[in-house]
Amino acid sequence: MLARAQGGELAAFRELIRAHQDIVYTLALRMLKVPEDAEELAQDVFVSAHRHLGKITCAAHLLFWLRRTVCHRAIDQLRRRPLHAALPLETVAEVPVADVSRDPLLERRLRDLVSRLPPMARAVVLLKYQEDLDPSEIARTLDIPLNTVKSHLQRSLASLRAGCDELRPISAGSQP
Amino acid sequence: MTDEFEKALHRALRPGSPGGDFSDRVAARLESTGAPAAGDQLHSVRHHVFRSRWLPAALAACIIAAVGLVQLRQHALETARANEARAQLLQALSIASDNVNIVRAAVAREENPNS
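For the record, the sequence lines run as chains F and B.
Its first residue numbered 116, the first sequence is counted upward by one per residue in the numbering used here.
Its first residue numbered 24, the second sequence is counted upward by one per residue in the numbering used here.
Note that these hints are calculated values from the structure, not bench results.
Since the model is a prediction, treat every value here as computed from it, not as a measurement.
Keep in mind that the hints are not guaranteed to be accurate.
[To be verified] Derived CB-CB ranges, DEER-like:
no., chain 1, residue 1, chain 2, residue 2, range
1, F, GLU252, B, CYS85, 36 to 46 angstroms
2, B, ASP47, F, ALA175, 22 to 32 angstroms
3, B, HIS33, F, ARG231, 16 to 26 angstroms
4, F, LYS170, B, ARG96, 44 to 54 angstroms
5, F, MET116, B, LEU92, 53 to 63 angstroms
6, B, ALA89, F, HIS187, 35 to 45 angstroms
7, B, ALA89, F, ARG133, 50 to 60 angstroms
8, B, LEU78, F, ASP280, 52 to 62 angstroms
9, B, SER40, F, LEU220, 19 to 29 angstroms
10, B, ASP47, F, LEU220, 30 to 40 angstroms
11, F, CYS173, B, ALA89, 41 to 51 angstroms
12, F, HIS187, B, SER40, 15 to 25 angstroms
[Unchecked claim] Pairs of lysine to any residue, SDA-like flavour, derived with a Cα cap of 25 angstroms:
no., chain 1, residue 1, chain 2, residue 2
13, B, LYS30, F, LYS170
14, F, LYS148, B, PRO38
15, F, LYS148, B, ASP44
16, B, LYS30, F, LEU248
17, F, LYS170, B, ARG48
18, F, LYS148, B, LYS30
The beta carbon of each residue, even a glycine, is placed where N, CA and C say it ideally should be.
Starting from the given sequences, assemble the full structure and let the hints guide the process.
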């Protein structure tokens, strides 16, 4: 499919978009929190991917390139946003996900807490728990040292756990 | 507890969907912006490589030419000033020489009033 898209076949490129749109859009929305901004960023990333197709060597490289580009661009956008520019509550959107939740309240709380993490820490957590990347892959994707990834994960998990403890224990039996 | 917590995080952060027609919207944008077809990538890369090699060289050549022109103009100005100074000096020497001749003639007349 990649080879056909590189050959200029738009239908093949559409297939590539369909195969990766969930990842790119969800990362964009969970980073930026505003659906319109996320849609625009996700589209920009695919338009840019179309321009760079000649440099993509394989499917894994394309996935790496998409994750890397969406994260870097989202972080850049967040840095350009004024610090005091609070988003109105109604604009902070949830990504529509398949309803296989065991505890919708807890999961909603977790997503809310993740959305409050600083941009780089949020990107690290999303790449780890949404994309299932290991720390070294996250370091390569975000261009940051491995130890920085580990410390972001450690601090973020502690902060998320503390935030969830305010709601209710995850597993009442395992609480000390 | 950690495993349960991380599993809950995995479940909470599973990817969602941008909604129908996302690929159509991207394709429409590609067509409307006239993005180069993927098949043109090689040409685009070649063009970029050409530009990336020649642009710095062209800039360097422009800078060298500009510096050369400035120095040439400065050299011409200095030469003109030197020529003018030489002409003034020659004129001054000529006037001084005339004056010396007049004085010498006057002294000669006083020494030999009969001549």
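Next item on the list: Starting from LYS148 of chain F, check that the Cα of LYS30 of chain B is at most 25 angstroms away, please.
Entry: Holds. LYS148 of chain F to LYS30 of chain B sits at ~23 angstroms (cutoff 25 angstroms).
- Range hint compliance [Cβ, GLU252 of chain F to CYS85 of chain B, 36 to 46 angstroms]: Holds, at about 45 angstroms.
Falls inside 15 to 25 angstroms, the C-beta gap from HIS187 of chain F to SER40 of chain B?
Hint holds: Cβ distance 23 angstroms, inside 15 to 25 angstroms.
Note whether the CB distance of LEU78 of chain B and ASP280 of chain F lies within 52 to 62 angstroms or breaks it. 58 angstroms, holds
Q) Can the restraint linking LYS30 of chain B and LYS170 of chain F be considered satisfied, given a maximum Cα separation of 25 angstroms? A) Cα-Cα ~36 angstroms, so violated.
Exercise. Please test the hint of 41 to 51 angstroms on the beta carbon pair from CYS173 of chain F and ALA89 of chain B.
Key: Holds, at about 47 angstroms.
Within 30 to 40 angstroms: is that where the Cβ-Cβ distance between ASP47 of chain B and LEU220 of chain F falls? Given about 35 angstroms between the Cβ atoms, the range holds.
Does the beta carbon distance between HIS33 of chain B and ARG231 of chain F stay inside 16 to 26 angstroms, or does it fall outside? Since HIS33 of chain B and ARG231 of chain F have Cβ atoms about 19 angstroms apart, the given range 16 to 26 angstroms holds.
Does the hinted range 35 to 45 angstroms hold for ALA89 of chain B and HIS187 of chain F at CB?
38 angstroms, holds
Next on the checklist: Given the hinted pair LYS148 of chain F and ASP44 of chain B, is their Cα-Cα distance within 25 angstroms?
Outcome noted: Status holds; Cα separation ~21 angstroms.
* Asked: Hey, LYS170 of chain F versus ARG48 of chain B, does the alpha-carbon distance stay inside 25 angstroms?
  -> Within the cut-off at roughly 24 angstroms; holds.
- Task: Please test the hint of 53 to 63 angstroms on the beta carbon pair from MET116 of chain F and LEU92 of chain B.
- Result: Taking Cβ atoms as reference, MET116 of chain F and LEU92 of chain B lie about 57 angstroms apart, which means the hint holds.
The structure is inconsistent with hint 13 alone, although it conforms to all the rest.
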